[in-house]
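> The primary structure of each chain is shown beneath.
There are 2 protein chains.
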Amino acid sequence: MSFSFQVEATCGRARAGRFITPHGEVQTPVFMPVGTVATVKGVPQDILDQLGVQILLNNTYHLYLRPGVETVRALGGVQKFMAWNKPILTDSGGFQVFSLADLRKISEEGVQFRSHIDGSAHMFSPESSIAAEIGLGADIIMAFDECTEYPATRERAQQSMELTTRWARRSRDYFAAHYREVPWFAEQAARHGSEQRQALFGIVQGGMHLDLRRESAERTVEMDFDGHAIGGLSVGEPRENTWEVVESTIPLLPENKPRYVMGVGTPEEIVNYVRLGVDMMDCVLPTRAARHGLLFTSEGKINIKNARFVRDEGPLDPACPCPVCTRYSRAYLRHLYASQELLAQTLNTIHNLAFYLGLMRRVRESIIQGEFPGPGSLQA
Amino acid sequence: MSFSFQVEATCGRARAGRFITPHGEVQTPVFMPVGTVATVKGVPQDILDQLGVQILLNNTYHLYLRPGVETVRALGGVQKFMAWNKPILTDSGGFQVFSLADLRKISEEGVQFRSHIDGSAHMFSPESSIAAEIGLGADIIMAFDECTEYPATRERAQQSMELTTRWARRSRDYFAAHYREVPWFAEQAARHGSEQRQALFGIVQGGMHLDLRRESAERTVEMDFDGHAIGGLSVGEPRENTWEVVESTIPLLPENKPRYVMGVGTPEEIVNYVRLGVDMMDCVLPTRAARHGLLFTSEGKINIKNARFVRDEGPLDPACPCPVCTRYSRAYLRHLYASQELLAQTLNTIHNLAFYLGLMRRVRESIIQGEFPGPGSLQA
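Chains R and Y, in that order, are what the protein sequence lines are. Taking the numbering used here, the leading residue of the first sequence gets 1, the next gets one more, and so forth. Taking the numbering used here, the leading residue of the second sequence gets 1, the next gets one more, and so forth.
Among the clues, some could well be false.
Any copy will do: because identical chains look the same in the list, a pair fits if it lies in one copy or spans two.
In silico SDA-like links for lysine to any residue, alpha-carbon gap of 20 Å or less [as the list claims (entries may be wrong)]:
id, residue 1, residue 2
1, K41, G293
2, K41, R291
3, K301, T266
4, K80, R311
5, K41, A338
6, K41, E341
7, K86, E195
None of these hints come from the bench; they were simulated from the model.
Chain R extracted, bound-state conformation (with noise of 0.2 Å):
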């Protein structure tokens, strides 16, 4: 079976649609949390199931380096590893080697980098990656791709937008030639009865050049992916770059196909691109903001650790109805904040996944029902 998107509703660009992959079904437009090293730090997997989760993303780079690749075959692909049946999603490597490795050497081979973790040497070549991708065994895999730093010259910007279409055709060779080495193989076959695969994504660089955005578009839908993503975004870029990236490309990307805009953002953000047409989202915004303390409410973002809720006997957010603020008030989570204990990332985590999710959700529902954005405001 190929993959499928089908799109169920539309309003203005946005649209409301669905796809299914071998391990379950996600309802779009989606945002996926990010779970770098096969969790999502701190909370465990039947909460995620109770937030409402849909697929999660996971940080190839990392499960290459630890557990590493063939541990996670051996035991029946990431989401039996996780204790999670349901659609995952694995990025190429390409990003975090970029941004977190050390000694990377780039050649039309691939990268040579060292791990942050003990400075091995290692390379990620298009091969390699897949190839490490299909072996985690991910419901969705993205294709190897140089993320161009920012600020990046034209002439840089095309080199490097070049580099990632031919790795993105090698990626694309690779993974038509292996695709049936996934470790869940046979027994999914078996269970559905027809061959299931893993959908790969081909991925837009360019800068922040819009005709070079242009160029990669047309090049990587040539291609043929089952999906398309916008990457090289939330580089350190100003976020009217990001913005005129997204809504320039978006009309270039096939409507039969998801478009998935890497690494972004706020929860304004994130309503917004649904508006210009974007189906699927990862950030480790609400995550990483949860472990230091920074709330995303109805009623505005908080800083948990202010002194002006040490008495506090509200409910974090009273209009949100997620597990953590139908318990617990705010002078508590300060509190444990404060004592910087172990539960106050938990839930804090919980509570931010659950604001995004619920986000996400009302989203959904009011393009459904043709009113997106809505008169009134998706926060409450």
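For chain R, the structure is supplied; the task is to place chain Y on it using the hints.
Chain Y only, in chain R's frame:
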């Protein structure tokens, strides 16, 4: 209403009973997990509930320093503060001052000490300690004692025991005059239709000297506390000494009141203490060991960081029905621990608590069935 304890069944010297506190009933023998600063590190309260935690221990010393007694009082007491609407027990702060605080100076009046957090100067006397415990509002509170260090000469142990005896009387007298100041006094009286008060337990000291323990027990029992604890154990003495003190002291404590051994022990030890007639125990072992990757299972103790678990698909403990053992593999738990992930601490703690609590449930059942300690292993 005064605190009461009923013995429901005995089996040898072991007994199964129950007591009722303003925040609910507790079935004994009971193991109390330690929630130092009003949290069991890394475990949300709803999971503690699911695990069958009946009563939590909080540390007065820690809560006195952070967030402070007046804050907890203003928020309605520690049950409301931590959103745990079940029984809580607080220690007096004595042991914590002796083990954590800096620059202690002990006098007849009490203990001067400096906070381990910010070095600020404080004083605990029997009166101020009980005032703090009343302000926090736990269901069971402990008299202020001096925890005799190990080793201690007979002379030193006798002086210390006598000081504890005088402090016990002052604790009791202060409590009798002030028990109505507990933050939930009016609310619980209205709810129950009668005056509800905290239970106050006395503590037997005397070092490893059995005659001093006897004298301490007799003088403590005379003061008519609601229950009796054996303190000053697990301070570095050989396990034979601990056992000897408990074995000889328990028969000196009234049968119609709970007997509590503070700060013990391993799974084997807590079962053995029940055999001697102990009703209540608390220990940091299951929670602290969990955070260091040491897990208790029906097949013995496991160090989850061991490389042999890297590809072990099996559950941590095949005999354990806890939410960790029924969902995750040893390989995943090993990965989380090796990657220093927050979730390792949460899941490990959940399992170890489930192990201790399940063990105590089986102990209680076997006492009621007249089969304790039973022909088979209680571990399985």
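> If a hint holds in the structure, say so; if it does not, say that too.
Now for the hints, and whether the structure bears them out:
{"no.": "1", "hint": "K41 with G293", "in the structure": "both (14 Å within a copy, 17 Å between copies)"}
{"no.": "2", "hint": "K41 with R291", "in the structure": "both (9 Å within a copy, 15 Å between copies)"}
{"no.": "3", "hint": "K301 with T266", "in the structure": "within (11 Å within a copy, 45 Å between copies)"}
{"no.": "4", "hint": "K80 with R311", "in the structure": "between (43 Å within a copy, 12 Å between copies)"}
{"no.": "5", "hint": "K41 with A338", "in the structure": "both (19 Å within a copy, 14 Å between copies)"}
{"no.": "6", "hint": "K41 with E341", "in the structure": "both (14 Å within a copy, 7 Å between copies)"}
{"no.": "7", "hint": "K86 with E195", "in the structure": "within (18 Å within a copy, 53 Å between copies)"}
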